[in-house]
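Protein chains: 2
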Amino acid sequence: MKTYLECIPCFFEQALRAGRIATADEKLLKHLLDELGLMLKNIPLESTPPETGRLIYRMVRNVTGNPDPFRELKRQSTQQALDLYPSLKKIMDESSDSLLTAIRIAIAGNVIDFGASAAFNIDTEIKKALEKNFAICDYSAFRSYLARSKQILYIGDNAGETVFDRLLIEQMNKPVIYAVRETPVINDATFDDAIQAGIGRVATIVSSGTDAPGAVLSTCSPKFRQLLGQSEFVIAKGQGNYEGLSDESHAVFCLLKVKCKIMADNIGVMKGDIVLKGINI
Amino acid sequence: MKTYLECIPCFFEQALRAGRIATADEKLLKHLLDELGLMLKNIPLESTPPETGRLIYRMVRNVTGNPDPFRELKRQSTQQALDLYPSLKKIMDESSDSLLTAIRIAIAGNVIDFGASAAFNIDTEIKKALEKNFAICDYSAFRSYLARSKQILYIGDNAGETVFDRLLIEQMNKPVIYAVRETPVINDATFDDAIQAGIGRVATIVSSGTDAPGAVLSTCSPKFRQLLGQSEFVIAKGQGNYEGLSDESHAVFCLLKVKCKIMADNIGVMKGDIVLKGINI
Chain A
1 MKTYLECIPC FFEQALRAGR IATADEKLLK HLLDELGLML KNIPLESTPP ETGRLIYRMV
61 RNVTGNPDPF RELKRQSTQQ ALDLYPSLKK IMDESSDSLL TAIRIAIAGN VIDFGASAAF
121 NIDTEIKKAL EKNFAICDYS AFRSYLARSK QILYIGDNAG ETVFDRLLIE QMNKPVIYAV
181 RETPVINDAT FDDAIQAGIG RVATIVSSGT DAPGAVLSTC SPKFRQLLGQ SEFVIAKGQG
241 NYEGLSDESH AVFCLLKVKC KIMADNIGVM KGDIVLKGIN I
Chain B
1001 MKTYLECIPC FFEQALRAGR IATADEKLLK HLLDELGLML KNIPLESTPP ETGRLIYRMV
1061 RNVTGNPDPF RELKRQSTQQ ALDLYPSLKK IMDESSDSLL TAIRIAIAGN VIDFGASAAF
1121 NIDTEIKKAL EKNFAICDYS AFRSYLARSK QILYIGDNAG ETVFDRLLIE QMNKPVIYAV
1181 RETPVINDAT FDDAIQAGIG RVATIVSSGT DAPGAVLSTC SPKFRQLLGQ SEFVIAKGQG
1241 NYEGLSDESH AVFCLLKVKC KIMADNIGVM KGDIVLKGIN I
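Top to bottom, those sequences are chains A and B. Numbering-wise (this note's numbering), the first sequence opens with residue 1 and increments by one. Numbering-wise (this note's numbering), the second sequence opens with residue 1001 and increments by one.
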C-alpha cells in the first residue's frame, strides 16, 4: 500500500507518541519532530507506510538514545494476554467453529498496537471482536489453503498479540514458522517477545530480518524472502504487514483490525472493522 | 498560549486540509507538507499556535497559488447563519436572560471553523450550545464590564460566526468596534465577510491588521494595538484569539468552544466545552 498524504500528520503523531515513551525531554522531542520534518521531502508517496515507520522509529531510537522504548510495555502486554489465554482457549474449544473463533481471537489481539493508538482495553476489544461481523471474510479460501498446505508461514505483528496467535497456531495443528521482527520497533514482537508468549512451544520462530514495523520485503533478509517465496500458505497479521505485502505478488491471508480511515478506504471497509482478507489467492 | 508538541501533527493536518480545499494536485500538496517540514525547525515552542498558523496558511496560499481557498465556504457559512438569524433572535428575545442566551449563541457560532475541523453541523451545534452548561462562566464580571464601559472592542473570529456575534452586539446595546482579519486566512472573517453578515449595521468594522488566524499582537497594526490598549471592555471570540491574547496583559473576555485537547488542558476544561473566560480581569 502506498503512502497517502493523510499518513504524514500521522507520522508526526507516531513519532511524538513513541518519543514520549522514550523520553520526557521536551527539547529532545521537538528536535525529533524537526528531524522528521527535514526528512519528509525524502519520503515519496510511492513508498509504503512501514518503510517510513522504519525510518521514524530508527530516528526515535537515535535521538532519544533509547534502543527499545516499548520494552516494558511489550512485556506487560504479553503477560496480560497470557492471563487471558485459558479463558480464550475455553471459548475457542467450546465454540461451534473453533477455527473461525481462533481467527477472531487472533484478530482481536491485533488491538495491542502502540503505533496506531495510545490507549486500548484488551478485554473490551476481545469481547467486541468475538461478536463483530467480518467486513471481509475469505474463510473458505483460508480453510482450503490450510487443508492442502503442509506448513504455514505466520508473520506476527505485536507483542502480546503473539499469545492470541498461539491459539490460532494450536488450532490449525500444522507445522508453523512464526516470523518476528529482527530489531525492536514500536511494540512489534521480536524473538524474545515471541518466546515469552510461548510461541516457541508451538512454532519455529524465525526473524524476518527487518526493523520496519511491517513486512517490507526490500528490508527483509534474503533468507526470509526465500522462505516467503517457498511458502504456499502465508498468514500475515496487522496493518503494517498488509501495507508491506499488499502490492507484492505472493498469496497472503491478512488478519487485521482496521485502525485508520486511510486503510479502511484502501480496502473498502470501515475503521474498526475486522478483516480476513486473502490477497493474490 | 505557547505551542505544545501535540500542536505539530495538527499543523500538518491543518495544512493538508486547507491545501485540499485550494487544490486537488497531490504533488503540490506533498510539496506543501514538505515545505512545512523544512520550516518546522524554525518554529519555537515559545511562539503561539496562530503565529505558526499565519506561516502555514501563507504557505498554502503561495504553494497552491490560491489566495483565498475558503472564499466560497465563507460565503456559504455566512448565508447559512443568516438563515438561522430570525429563529435565534426569537430564542434570545424570549429567554429569561437574553444577554446570557446571546453569549451562548455567539459561542455556538464558533463551531464554524474549518481550521479545527473538516465537518460540522451548525444547526446541531447551536442546539447543543443552547443547552450545555458553561465549563467556565465569568458572566457576572462580563456584566459588570458591560455596565461600566462606554464602548466595546469585539474581536471576531470566523465568517458565519459573525452573524451570531451580531445578535450579541445587538443585545449589548452599546457602541461596538468589530475587529476582523486584514487578509483571508482559513475561514476567518475579513471586512467583506463581516459586511455580508450585517455587522456594518450594528458596529464599526476595523481591521486588526493581521493575517494570522488569531489576535497575535506582534502581527497586528499599531493602530489596532493602540485601540486595544485604550479599550476597557474587550470581547475575543474563538481559540485563535485566546491563544494570541492569553499571555498578554490586557483584560479580555474570551468566548469560545474548546476544540482540542491541548487547549482544554491549558484552561482546565474538557474538549467540546463552552467557555466565557475573563483573562486579566
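Since the hints were made in silico from the structure, they are not lab data. Don't take each hint at face value.
What the hints assert, rightly or not - If you want the footprint, here are the derived chain B segments under chain A, 3+ residues with CB under 8 Å:
no., region
1, 1030 to 1040
2, 1271 to 1281
To be verified - Computed cross-link-like contacts, DSS-like style, restricted to lysine-lysine with a CA-CA straight-line distance of at most 27 Å:
no., chain 1, residue 1, chain 2, residue 2
3, B, K1002, B, K1027
4, A, K27, B, K1090
5, B, K1174, B, K1090
6, B, K1002, B, K1259
7, B, K1041, A, K259
8, B, K1027, B, K1127
9, A, K41, B, K1027
10, B, K1027, A, K27
11, A, K30, B, K1271
12, B, K1041, A, K30
13, A, K128, A, K261
14, B, K1259, B, K1150
15, B, K1174, A, K27
16, A, K271, B, K1030
17, B, K1150, A, K259
18, B, K1127, B, K1002
The model shown is predicted, which means the values in this text are computed figures rather than measured ones. Even for Gly, the Cβ is constructed at its ideal location relative to N, Cα and C.
Against the structure, the hints come out as follows:
Counting residues of the region 1030 to 1040 of chain B whose CB lies closer than 8 Å to any CB of chain A gives 8, so the stated coverage by that chain holds, three being the minimum. Here the region 1271 to 1281 of chain B counts 0 residues with a CB under 8 Å from a CB of chain A, which misses the bar of 3, and the coverage is violated. At most 27 Å may separate the alpha-carbon atoms for a hinted pair to count; K1002 (chain B) and K1027 (chain B) exceed this at roughly 32 Å. Between K27 (chain A) and K1090 (chain B) the alpha-carbon distance is near 53 Å, which puts this suggested pair outside the 27 Å criterion.
Between K1174 (chain B) and K1090 (chain B) the alpha-carbon distance is near 20 Å, which keeps this suggested pair within the 27 Å criterion. For the hint linking K1002 (chain B) to K1259 (chain B), the alpha-carbon distance of about 16 Å falls within 27 Å, and the restraint holds. Of the pairs offered as hints, the one joining K1041 (chain B) and K259 (chain A) is violated, with about 30 Å between alpha carbons and a cut-off of 27 Å exceeded. Of the supplied pair hints, the one linking K1027 (chain B) and K1127 (chain B) is violated, its CA atoms being roughly 41 Å apart against a limit of 27 Å.
At most 27 Å may separate the alpha-carbon atoms for a hinted pair to count; K41 (chain A) and K1027 (chain B) meet this at roughly 11 Å. Between K1027 (chain B) and K27 (chain A), the direct Cα distance comes to roughly 32 Å. Violation of the 27 Å bound is thereby established for this hinted pair. Of the supplied pair hints, the one linking K30 (chain A) and K1271 (chain B) holds, its CA atoms being roughly 24 Å apart against a limit of 27 Å. As the CA atoms of K1041 (chain B) and K30 (chain A) are separated by approximately 8 Å, the hinted pair is consistent with the 27 Å bound.
Restraint check for K128 (chain A) and K261 (chain A): the C-alpha separation of about 19 Å stays at or below 27 Å, so the hint holds. Proximity of K1259 (chain B) to K1150 (chain B) is assessed by CA-CA distance (about 32 Å); at most 27 Å being required, the pair is judged violated. In summary, the hint linking K1174 (chain B) to K27 (chain A) is not supported, as the alpha carbons are separated by about 48 Å, beyond the 27 Å threshold. Using a Cα cut-off of 27 Å, the hinted pair K271 (chain A) and K1030 (chain B) holds, with the two alpha carbons roughly 24 Å apart.
Distance check on the hinted pair: K1150 (chain B) and K259 (chain A) sit about 55 Å apart at the alpha-carbon level, beyond 27 Å; violated. Restraint check for K1127 (chain B) and K1002 (chain B): not satisfied, since their Cα atoms lie roughly 32 Å apart, outside the 27 Å limit.
Figure legend: structure checked against the earlier numbered hints; hints not met, in rising order: 2, 3, 4, 7, 8, 10, 14, 15, 17 and 18.
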